[in-house]
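Make the complex out of the two chains shown on their own, each in a separate frame, by following the hints.
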Amino acid sequence: MNEQGAPLFEIRDLCKYFTLDSKNTLKAVNHVSLTIRKGETVGIVGESGCGKTTFGRTLKRLYTATSGEVLYKGQDIFKMNRAQAHQYAKEVQMIFQDPYSSLDPRMTVREIVREGMLNHGIYKGDRAAQDKRIHELLTMVGLNEEHADRFPHEFSGGQRQRIGIARALAVNPEVIICDEPTSALDVSIQAQVVNLLKNLQEEFGLTLIFISHNLSLVKYISDRVGVMYLGSMVELAPSDLLYEEPAHPYTEVLISAIPIPDPDVQKKRSAIRFNGELPSPINTRDDVCAFATRCRYATPECSGRAPKLTEVSPDHFAVCDRVRKKDNA
Amino acid sequence: MNELLNVEHLSISFHTYNGEVQAVRDASFRLGRGEVLAVVGESGSGKSVMMQTILKLTPCELKSGTITFDGKDITNYTDNQMQEIRGSQIGIIFQDAMTSLNPTMKIGRQITESLLRHQKMSRAGAKEQALELLRQVGINNPEKRFHQYIHNLSGGMRQRVMIAIALACKPKMLIADEPTTALDVTIQAQIMDLLAKLREEVGCSIVLITHDLGVVAANADRIAVMYAGRVVESGTSDQIFYHSAHPYTRGLLESIPRLDAPHDARLTYIGGTPPDALNPAPGCAFSARCKYAMRLCRMQAPEAREVQPGHFCSCFLLDDAARATREKTGWEVSL
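Residue numbers (the working numbering), protein chains in the order written: chain A, 8 to 336; chain B, 2 to 336.
Read the hints as simulated data drawn from the structure, not as lab findings. Keep in mind that a hint or two might mislead.
As the list claims (entries may be wrong) - Here are a few chain B residues that face chain A, going by a calculated C-beta distance under 8 Å:
1. Val50
2. Ala190
3. Leu253
4. Thr274
The beta-carbon is built from N, C-alpha and C at its ideal position, and this holds for glycine as well.
Chain B on its own, in the form it takes in the complex (with noise of 0.2 Å):
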C-alpha cells in the first residue's frame, strides 16, 4: 500500500430541519504520495463537504465508510487524535481567505500559531521558519508582513499567506479548496504556479478542489468526478479529457467555452438542473439530466466499474447488456 489516503464506501449525511441531506453518498478514492488528485464538480456535488468531513471540520455524521492517512485508520480518531494531525501532517487552503484567516491577529502570529504548536519551536526559531515561508510564497517584504493584518493585503497576497500557513509545518497532504475561485486569471496562474512550485520543494501530495476543468488540466496527475455526493468517474488527467466515460463527465468537459472553438459554434450544455439532495430520486442520479438513460439507470444506482487500469466509472451504459442502447443513442466509449 503506497497510497497517503485512502477513502473507501464513504457516507456522509447532514441532519436539517428538513431531513437528512445524504451529501456524499458510497465514494470512494485514493491519493498517491507526491500526487495532485483533483476533486471537480458543481457546487453542491459534496466535494468539499467530503474533504472537510475527513479532517473532521464538519458536525456531518460519518455513516459509513472507511478513511485510511498514511497507513492508519483515522475513521474513528477524535478531536484530539485529528488536532495532532490537521496542521502538522494535513494543510488545508480555504477558498475564502479574507473569512478563513483570522482579521484580529497579525499575520505573523497566524504562521507562528501551528509551527509553536505542533513543532515545539522557540518563539525567535518560529519567527524565523514564518519568515522564510513568507519569502517561499513570494510575498515582498516580509519584515513588514509578519507584524501587518490581513486587511492590508490584496486577495492574491491573503491566499499567499493561507499558503504559507498551511505549509508552515510541511504536511504530507494539503488540501486546496476551490484556491482560486475569487481571483482574477492572472492571479490565479501566479498562485498555481507557486503551488506547483512548492508541491516539489516540499514534497506533499494535494486534493485539488474546483469546478474548473481549466485549472484541472494544467495541474492534476489524477482526477475524481463526483455528481451529487458520488464520484461518479475517477483516473488519471488524460484518461478523464480524452476518454471520459460517463455521460456527466462528458457533458461537463464540453460545455466549457474553448478559445479554440469556433466563433460561430453553440456550446453544448446538460439540460435539466443538479437533483434535490433533501430527496434524491432512486437510481442514478445523473439520470434524469442523461441523454441516455435506460429504464434501470432510474432504479438502480450503478456500481463502479474499472474500465481500464485506474479508471474507474459508474454507468450502466459500460455494461455489455446496454450496448442496443449504446447504439441507438449514439454513445460511443473510446477507451
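Looking at chain A on its own, in the form it has when it is part of the complex (with noise of 0.2 Å):
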C-alpha cells in the first residue's frame, strides 16, 4: 500500500534487558532491527512473554535501550536533547492495553483530551478552539459532545478505548504505537475499533505499529508483520505472505494454531502443534537458536550455532538456517 513511503524509523540492533540480580539478565528484545516506512502498519506478534510490549514501550522512550539505535526521520532517539525529546513525545503516540488503567479516573474526558493540547502547546492557550477541537476529536472517534464532562468510569471499554485514540489524536502525532488496543474488548466492539483505527491512519496518513497477539486480526490490519520469539524477530514478511508462506518453524506453528471460524475448515486443517512451552527468557544465549528446543525440524547443528538472517524473497526475512538451505536446493 504504502511502499513508496520514506524510512520513518530505522531500528538497529535494538537490545532491551532487564537485570534481574548480578547472575541473572531477562533479555526482552534483543538484537531487532527493523526499518518502518512512512504511513505503513507494521504488526508485531508473539505469545507473552516475547518482548513485544517492551519492543512497543523501547520505541516509545518508556525505556532506555540497553543498546542498539531507534533512528527516527534520521535522529537517534535515545541521544535527543530536551526539545527534540519534547517534539518526539507529540509525534509518536501510545494507546495501551488496559482501557481501564490508562485514563486517570479523577480527570473527565475533555481534560484528558485537553491536556497533551496544553503539553505540546496547541492553539497556544486558546481554550475555545481547544474545545472545539475536542468535540470534533470525539465525534472522529464515535463519541459526542455530551461526553466531554463525563469521568472515565461512566463509560464502557469499547468507549474508553475511543478516549484513548482521541487522546493519542489530540497533538496530531504522526506514529501511532497500539499495544494490544482490543485483547480487552469484546468481539464486536473490537471490530468497531480497528474499523476506526484504519479509518484514521487512511484519513491523516498515520503510521501505526499494532502489537497483538491476535493473529487474524494483525493480518488484518497490517502491511507488514513481524514475528517475535523470546525476544528476537524470527521473521519479517508483508502480511499476506507471512500467512501464506510462512519460512520460519515458529511461524507455521503459530499460524496453525489459530482457531478458524468455520467447522468445515477446520475439520480438513492439519494441526501442528509445539512440544513443549515457552522457555524462560531469562539468560537466553545468542549463539544457538532460541526455538531450537521446541523446532520440529531442529537438527542438532541448531543448538550449536546462531541462525542467520535471510532474504527468503523480497521484504520477507526469516532468522533460521532451514530456510537458507531450502533455497540453495
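Structure, rendered in C-alpha cells:
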C-alpha cells in the first residue's frame, strides 16, 4: 500500500535487557532491527512474554535501550536533547492495552484529551479553539460532545478505548503505537475500534505499530508483520505473504494454531503443535537458535550456532538456517 | 429422554444495591450425552452465571425454570445434595486457574481431595490415581509436580491441573468456563486438543463457555448463542455457522477478522453497545442494535421457534408476517 513511503524509523540492533540480579538478565528485546516506512502499518505478534510490549515501549522512549539505536527521521531517539525529545513525544503517541487503567479516573474526558494539547502548546492556550477541537475529535472516534464532561468510569471498555484514541490524536501525531488495543474488548466492539483505527490512518496518513497476540487481527490491519520469539524478531514479511508462506518454523506453528471460525475449514486443517511451552527468557544465549528446543525441524547443529538472517524473497526475512538451505537446493 | 442436561425456561436474578439484575431470562437448552455444547456470547451476556447457578455456585435467585440432570430434577436440590453431584458427576474448569486453585495447598492434595471425598478411596489409591491423571493431562514428571504448589507452574500447566481435578471422578458432564481465554494461541490449541482427547477417553459431555467463535468451530457439536441473558439462537455447529437465522449471530460471525479475508476489507460490526442489564428495555434485547428491527421488536420479546429440526431461533423476522420487512431490508434466511 505505502511501499513508496520514506523510512520513518530505522531500528538497528535494538536490545533492552532487564537486570534481575548479579547473575540473571532478562533479554526482553534482543538485537531487533527493523525499518518502518511512513504511512505503513507494522504488526508485531508473538506469545506472551516474547518482548513485543517492551519493544513498543522502548520505541516510545518509556524505556532506555540497553544497546542499539532507533533513528527517527534520522535522529537517534536516545540521544535527543530536551526539545527534540518533547517533539518526539508529541509525534509518537501510544494507545495502551487496558482501557481501565490507562485513563486517569479523576479527570474528565475533556481534561484527558486537552492535557496533550496544553503540553505541546496546541492552539496556544486558546481554550475555545481547544474545546472545538476536542468536540471534533470525540465525534471522529464515535463519541459525542455530551461525553466530554463525564469521567472515565461512566464509559464501557470500547468507549474508553475510543477516548484513548482521541487523546492520542489530539496532538496531531505521525505515529501511533497500539499495544494490544482490543484485547480487553468483545469481538463486536473490537471490530468497531479496528475499523476506526484503519479509517483514521487513511485519513491522516498515520504510521501504525500494532502489537497484538491476535494473529488474524494483525493480518487484517497490517501491511507488514514481524514475529517475535524470546526477544528476537524471527520473521518479517508482508502480511499476506507471512500467512501464506511462513518461512520460519515458529511462524508456521503459530499460524496453524489460530482457530478459524468455520467448522468445515477446521476439519480439513492439519494442526502442527509445539512440544512443550515457552522457555524462560532469562539468560537466553545468543550463540544458539532460541527456538531449537521446540522446533520440529531442529537438527543438532541448530543448538550449536546462531541462525543467520536470510532474505527469503524481497521484503521477506527469516532468521532460520533451514530457510537458507531450502532456497539453495 | 436421552439428554444429560435439560434446562427449560430458566430465569436468574441478582439483587444489587442498584436494583434487580436479570442475568438470565427465559433460557432453554439441552445437552446430549457425549456431546459438546458451546455457549457463546459477549461479556455480561449471562453465560457464566447461568452455568454456575445451575451448579448452585452463585448466590443468585433462581426465579423460574426447571433443570433436569441425568433424569433427575435438580432444580430445588439443597446444598448438601448438590455437593454430592458437584465434583463427582459434574466437573468444572474455571477461566482463571491462578485464582481458582488453592495457592496454599499442594497440587497433589487438590486432586486427591475429590477422590477421597466422593470415591471413598484409600490415600495410597488416590495418590496413584492422581499421578495417573497428571500423566493423562500431559504433565511431565508427575511425582515431582504432585508435591509442588501452583506458583511453580505456567498458565498452561495450571489449566492442565484444573482439568485433572475436574476429571478426577470421571464426571458425566464437564463445564469448561473460558478454559483458554487467558492463554496464548499455541497453548490454547494444546488445551483444546487435550479436552477433545479426554472427552473420548472419559466419555463425558462438555459445556464449553466461550466468546471465541474460532475455538467453537473446531470443537463444538452444538452451539447456543446468548445475548443479554437470553438464548437467542441454538442449533448444530453447521446450522449456526452456515445457516444462522438471528441477526446477532450473523453480526457476531461477520465481525471476526478472518485469515482468509481480503486485505483491504473493512470488518463489519454490530453498532452500539450491549444493553444495560439493570434497566432492560421492553421487547427484544437486541432490537436497539439490530439493523432490521421493526416496531414490534421494541415492544415484545420474540418466542423461540424451531426453524429446522433442532435449530431454534428467537426473532420476529422469521415470521411470515415480517416478509415485507425482510424484502425491504434485504434480510435473507437461508435454511
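Hints violated by the structure (numbers, ascending): Hint check: 1 fails alone, others pass.
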